[in-house]
Amino acid sequence: MIRWRRSLCVFWAAIRRLSGDDAWDRYIAHHAVKHPGEKPLTRKEFFRQEQECKWGGVRRCC
Amino acid sequence: MTRSFQRSVPWIGIAVLGAAAIGGIALHRGESVSAIWFITAAICVYVLAYRFYAAWIATRVLVIDPSRATPAERFDNGRDFVPTNRWIVFGHHFAAIAGPGPLIGPTLAAQFGYLPGTLWILIGAVLGGCVQDMVTLFFSTRRDGRSLGQMARDELGPLGGAAALIGTITIMIILIAVLGLVVVNAMKHSPWATSTVTATIPIAILVGFYMRNLRPGRVLEGTILGVVLLLAAVIGGGWIDHNETLRVFFDQPGLPLAWAVIAYGFTAAILPVWLLLAPRDYLSTFIKLGTVILLAIAIVILDPEVKMPALTRFIDGSGPIFGGRVFPFVFITVACGAISGFHSLIASGTTPKLLTNERDIPMIGYGGMLLESFVAIMAMVAATVLDPGVYFAINSPAGVVGKEAADAVAMISSWGFPVTVEQMQTLSREMGEATLFARTGGAPSLAVGMASIFGSAFGQGLLALWYHFAIMFEAIFILTTLDAGTRVGRFMLQDFMGNFVPRLGETSWYPSVVLASALVVGAWGYFLYIGVIDPNGGVNLLWPLFGIANQMLAAIALSVATGILIKSGKLKFAWVTGLPLAWLAVVTSTAAWEKIFSPDIRIGFFAAASDLAEKLAAGVLPPERAGVAPQLIFNQQLDGWLTLFFIIVLWTVILDMLRVSWRHLNGLPVPPVSETHHESSLLIGDGGKAVPGATAEDWVRD
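The listed protein sequences derive, respectively, from chains A and B. According to our numbering, the residues represented by the first sequence are 65 to 126, in order. According to our numbering, the residues represented by the second sequence are 5 to 706, in order.
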């Protein structure tokens, strides 16, 4: 049962990671370690910046 | 000896099975052959190539060093540079490289029979495409994740860099034009397809609003909402198709649809990304991965029979779908499933920024392309499970087989592929389309193939739904490529124009945005327009041009890689990239030569132009063709010059690489190898992902 739940969690985490759903969570974790004391971006601010730079280059092929 | 023998038994077994499967499909000359042999042959070839060739390249040629910190570790910023689990990187990389190319190319190449395309997909991938993706990924990772263009400039010099930039921008224009044409041909006089594809635009905008304003950053919620709405749009399209008043509005000929696609491309390029591009990209990725998995499951469950012969009479160059003999045109037509220059743009720049450890490179670079090749094999199966007569009836342009159904059927049957008008009518009724004759571009025939596979595996009653789902599936990521490609072309052009007028280089200055977008859209819009008014369907003109451009970009990537290998003192391994490069140079040059100089009007651009000019002067053309003839003549000549330009760029880069290599081997000064210095990875041993003190050979065993 616990094993089931764990693999389900891993699967869910992979889906969130692949889709970019957890991008802000990762940013917050990174921020807490690398820039302690500074105020991080809110989810909304972060997502806006993220979208602008993410679609700036070649991202899709033929 | 006995232990090593025991260890090699499974591999020998796989080799024997693979050889039997390939031998089976190559020598089979009966009524039909089971699709499972294609899948078996492909999987055996991939497993062996990955286990032995990719591993050998990684350890001996590239000398992958797991103790070395990757750019993702060194520049970790929590955003684009992030050390990421390798399965996640694999997912991102595959989603980025897999587009409509591997689906359309094999479908068109099936006119030669299943064998030439299948063999090239398998051999081209394991010896060419996978190698290109993997070495580009490796070299970019060793160079802080630099792009192909930057690597070409650093390693070969300004000439190579300029060629890579021009190559990228031209391939983008041709690719968008041909993909736009595929969508237009799929929507032509099909209210169901047109309304479904139209509905994807407001759905994307809605999802964009959801993810930006309602629930910022909740990507999954937005995507699930969008996917549900897309499926509803497929069903809703059927309702519109049966509604007498609404269906007229969506029942359009090619030209208005082409203008709509052009207007859409322009709007999408100047709108902010969050409104259309970003949400559409999320949706298309989900639909794409889902459908590819579904198709693989359906083929395995159903095990359909491939009815196309191994070789058709059209290997002599007289094929109705596109002109040209099997050599060199099969190698140009199956572009993306075997080797695709476009992938080197993803393998450099985007993917290296996520790589946790160099040992993941074979799996992501080589393995990602193997999966893409597998998609191409499935597309080949989907095209060849159709009755050959039906396949040719769908894909042959009206200009070749005749406008009337009876003429087309008589012509195709006379080639030895029997088909009847009733059979085609029944099929189009089942698929919910008015007609399936002359639906060129590959998308409708792929959709019919997919619908019959899905229909047999998951319920026959829903054929029309499956067909339009398949059309929506192709259209949504073609339109994503169209949006994204136009925007990238716009950035490149703005960057270029900024050299002359600095203000035009500002990517957010509105007049510059509008000007650059209009230029890019105008360029591909022109080819799209010509493709639509061409009575031969346009795909037979544009697809070879795209194939040549794509292989040219692949040759540039392989040249850069070969140059780096030689400059790093690995001359004896230079054949790893040099051999596919030589083959591409031969194939692309031969194809370009024929497209330019062939006297056959179905192959040579200039021959076709002068033939049409003579007919126009003699007044033998029917009035509706005489009207567009001057434009077609100009376009054929333009295509001829463009082909010449591609081939000049190709040989410029190859000769530049040979010049740099020759200078290096003779001790003359060359641009230095731009690899960054070694920095030890601190991630080794982290989270069980790697073993402390792992050596170069370790990854081979896991």
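In short, the hints are calculated from the structure, not lab data. Since this is a predicted model, take the numbers as computed values, not measurements. Honestly, I wouldn't trust all of these hints.
[What the hints assert, rightly or not] Which residues of chain A face chain B? A partial, calculated answer using Cβ under 7 Å:
{"hint": "1", "residue": "Arg69"}
{"hint": "2", "residue": "Leu72"}
{"hint": "3", "residue": "Asp85"}
{"hint": "4", "residue": "Pro104"}
{"hint": "5", "residue": "Lys108"}
We treat Cβ as the ideally placed atom computed from N, Cα and C, and that holds for glycine.
Task: chain B contact restraint on Pro104 (chain A) - CB to CB distance below 7 Å - done: With a minimum Cβ separation of about 10 Å from chain B (threshold 7 Å), the hint on Pro104 (chain A) is violated.
- [ ] Using Cβ atoms only, decide whether Lys108 (chain A) comes closer than 7 Å to chain B, and label the hint accordingly.
- [x] holds (4 Å)
Task: Hint status (Cβ of Asp85 (chain A) to nearest Cβ of chain B, threshold 7 Å) - done: The hint holds - Asp85 (chain A) has a Cβ within 7 Å of chain B, the shortest such distance being about 4 Å.
Open item on the list: Using the nearest Cβ pair, does Arg69 (chain A) come within less than 7 Å of chain B?
Closed with: violated (19 Å)
Open item on the list: Less than 7 Å between beta-carbons is the criterion; does Leu72 (chain A) satisfy it with respect to chain B?
Closed with: Violated - the Cβ of Leu72 (chain A) stays beyond 7 Å from chain B, reaching only about 15 Å at its closest.
In summary, the numbered hints that this structure violates are 1, 2, 4.
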